[in-house]
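Asker: Here the protein sequences come in this chain order: G and B. Mapping of the first sequence onto the working numbering: position 12 corresponds to residue 12, and the numbering continues sequentially without gaps. Mapping of the second sequence onto the working numbering: position 308 corresponds to residue 1308, and the numbering continues sequentially without gaps.
Because the hints were derived from the structure by calculation, they are not lab data. It cannot be assumed that every hint is accurate.
Stated by the list, open to error - Covered stretches of chain B (in silico footprint by chain G; criterion: 3 or more residues with CB under 8 Å from a CB of chain G, positions within the stretch not fixed):
#	stretch
1	1022-1031
2	1059-1070
Claimed, not checked - Calculated Cβ distances over 12 Å to all of chain G for the following chain B residues:
#	residue
3	Ile1054
4	Ser1211
5	Ala1274
Unchecked claim - Restraint-style ranges between C-beta atoms, simulated for each label pair:
#	chain 1	residue 1	chain 2	residue 2	range
6	B	Leu1042	G	Thr40	42 to 50 Å
7	G	Gly151	B	Pro1046	29 to 37 Å
8	G	Thr18	B	Ser1213	46 to 54 Å
9	G	Phe36	B	Met1430	17 to 25 Å
10	B	Ile1410	G	Thr18	30 to 38 Å
11	B	Ile1006	G	Phe36	29 to 37 Å
12	B	Met1001	G	Asn114	39 to 47 Å
13	G	Tyr110	B	Ser1193	53 to 61 Å
14	B	Met1430	G	Phe35	44 to 52 Å
15	G	Leu73	B	Val1232	39 to 47 Å
Keep in mind the model is a prediction, meaning the values are calculated, not measured. Ideal placement from N, C-alpha and C gives every residue a C-beta, glycine not left out.
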Amino acid sequence: MIGLLRTIGRGMTAVSITLMILLCVPITYEAIARFFNAPTIWVFETTLYAFILLGFCGNALAVQSGSHFRVVLLREIFPAKRRMFDLIAQLSTLAFGVLIIATGSYFVWYSASNAILSATLLEVPLWIPQLAVPLGGIGLVMQTIVQMATGEAPVGDAHGIGE
Amino acid sequence: MLMDFIYDHVGFIAIFLLFFLMVLSVPVFVSMGLAAFAAALLVEDPFLAFRNFINISWQGASIFELIALPLFIFTGTIMQRTDAGRDLFEVTKAWTGSIPNSLGVATIAACGIFAAISGSSVATAATVGLVAIPLLLEEGYGERRAGGFVAGGGTLGIIIPPSIPLILYGVITETSIGQLFIGGVVPGIIMMSLFTLYVMLSRPRVTVTHSISLEERMAITRRSLGVVLLPVVIIVAIYTGVFTPTEVGALSVLYVCALGFAQRKLSFADLKAAAVVATGATTMLFMLIVFGQYFAHFLTFEQVPQAIAAAIIENASGIWAITLMILAYIVLGMFLESAAMLLISIPIFFPVAEQLGMDPIVFGIFAAISMEIAQISPPIGVNLFTIHGISKIDLWKLARGALPFLLIQIGMLYLVYLVPEIVLWLPNSMK
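Next comes chain G alone, as it looks inside the complex (with noise of 0.2 Å):
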């Protein structure tokens, strides 16, 4: 069971470490293409969405490598009871994904039912992209699941690089 979750979170982290990769080649494309007055009506749909889903499928390889951030104060301050401390933020974080799931599946099955469309050019079925949010929240309870179930420490430090 732990196994099958890893592996669909490494799949997770796949698509959001290629996304971030590619992100940079069509916003380069529609740069060069509107310097030749040659606009794409694609581009800045689809990075979006790519980005959304790359934000939101990341959070597989965040929770495995401890980038989100978190007040350690009290934690540090009482090291007894880190693990406590440690439990109270992974059930608030399932909880949290939890939610996520649940809000963002709606969401997707609101679209869908009722054929929503982007309002450009491009008139893209909106449940698609959607489907980053619930899939994100999936990301984000499994690999809680498995720290919690092997009580894998956050490895890497990702953290603090953004700021």
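Keeping the supplied structure of chain G fixed, place chain B upon it in accordance with the hints.
Answerer: Positioned in the frame of chain G, the structure of chain B alone reads:
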């Protein structure tokens, strides 16, 4: 009676819940989302609260300008992999060789240039620190000053464009990110000059000089020209409006990749490693923004920022209100990292700044300098932890070393408020 109290104070209940969850070490984005959702359940129909949660969060995610974030973060993480810190430090060392405390000055200059590429304070401190700290220690600056110079110099990453916190601020307040970037140029140069002046005057003076011939200086500079020129290209591209900040971010990624591969300093494995770090950092910021926007929307709907703004303006005006904000930022900076601090504070302080007559661009720079203070404020200043991580210098020694930079930044906050023209002059010339 109880329900009336809850209805009247639900915004403050949300704030209380937020801090309560954060203190329990719950991730900040989870704290923001749960606090606002739980408070909404107290006063709204549960299904409406459920729908608002996802609708507002989706709006927070669907902002095209946010795409600049991963691009500049990725530029910074690639630069870290290509030894750019060493190249930059070699150049700045070559040109500052004959002035007092020359290696310290070279450190600040390298931080300033790297900041103008990466937009990240931590990436700047980590990249320059790895190269500079061992040399600074070797020349006798001592651990306090060596670590302090890098921690302080690293904060320039927040104000010199491109700047990740300024992108966040622009998105939250719907202020032009291009104008914010350009608004940060003059204050960034002033701050870098003040940092340099402090380093030159700091005691005990280190007398080691690095005098080299003009030919050698030119040769070193030519070798690193690709990196040194990039900040100029970025700022000119944004200033002239040829490219949007997002496009500049994309071009920067491609440029540093091409440069790294051409100079054989970047492999595909390095690129993947840089992408992993950038993805973790981007997701952290993305989730903070999405659910920070939801939290901010709830507070605004409940009129909390307006109430706080009115209370501040009623009890203090002008310079005193600014002093209150600075104190609040110093205290918040002790417990929150900069992105979280920005997302929590801006919805509350932005109306105060508006009532004080501050231009949104001026307040953006003011907020960015406040973020700098948070980066080097103990106990959780992220720059201090970064330097501690790479050098093992004691955290409190680092905090003492960064204190003069923190005082300069506080002075800059007052300067920006009292003389807003230093911020607005360049952006106004763009129009």
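Asker: Hints first: check each against the structure and report whether it holds.
Answerer: Here is how each hint holds up against the structure:
1. 1022-1031: holds (count 10)
2. 1059-1070: holds (count 7)
3. Ile1054: violated (4 Å)
4. Ser1211: Check passes; 36 Å lies beyond 12 Å.
5. Ala1274: Non-interface label on alanine 1274 (chain B) violated, nearest chain G Cβ at 9 Å vs cutoff 12 Å.
6. B:Leu1042 - G:Thr40: 42 to 50 Å: At roughly 47 Å between Cβ atoms, threonine 40 (chain G) and leucine 1042 (chain B) fall inside 42 to 50 Å, so the hint holds.
7. G:Gly151 - B:Pro1046: 29 to 37 Å: holds (35 Å)
8. G:Thr18 - B:Ser1213: 46 to 54 Å: Once the Cβ atoms are compared, 48 Å apart, the range 46 to 54 Å for serine 1213 (chain B) and threonine 18 (chain G) holds.
9. G:Phe36 - B:Met1430: 17 to 25 Å: holds (24 Å)
10. B:Ile1410 - G:Thr18: 30 to 38 Å: violated (44 Å)
11. B:Ile1006 - G:Phe36: 29 to 37 Å: violated (59 Å)
12. B:Met1001 - G:Asn114: 39 to 47 Å: For methionine 1001 (chain B) and asparagine 114 (chain G) the Cβ distance comes to about 42 Å; the hint holds.
13. G:Tyr110 - B:Ser1193: 53 to 61 Å: holds (55 Å)
14. B:Met1430 - G:Phe35: 44 to 52 Å: Since the Cβ atoms of methionine 1430 (chain B) and phenylalanine 35 (chain G) sit about 19 Å apart, the hinted range of 44 to 52 Å is violated.
15. G:Leu73 - B:Val1232: 39 to 47 Å: holds (41 Å)
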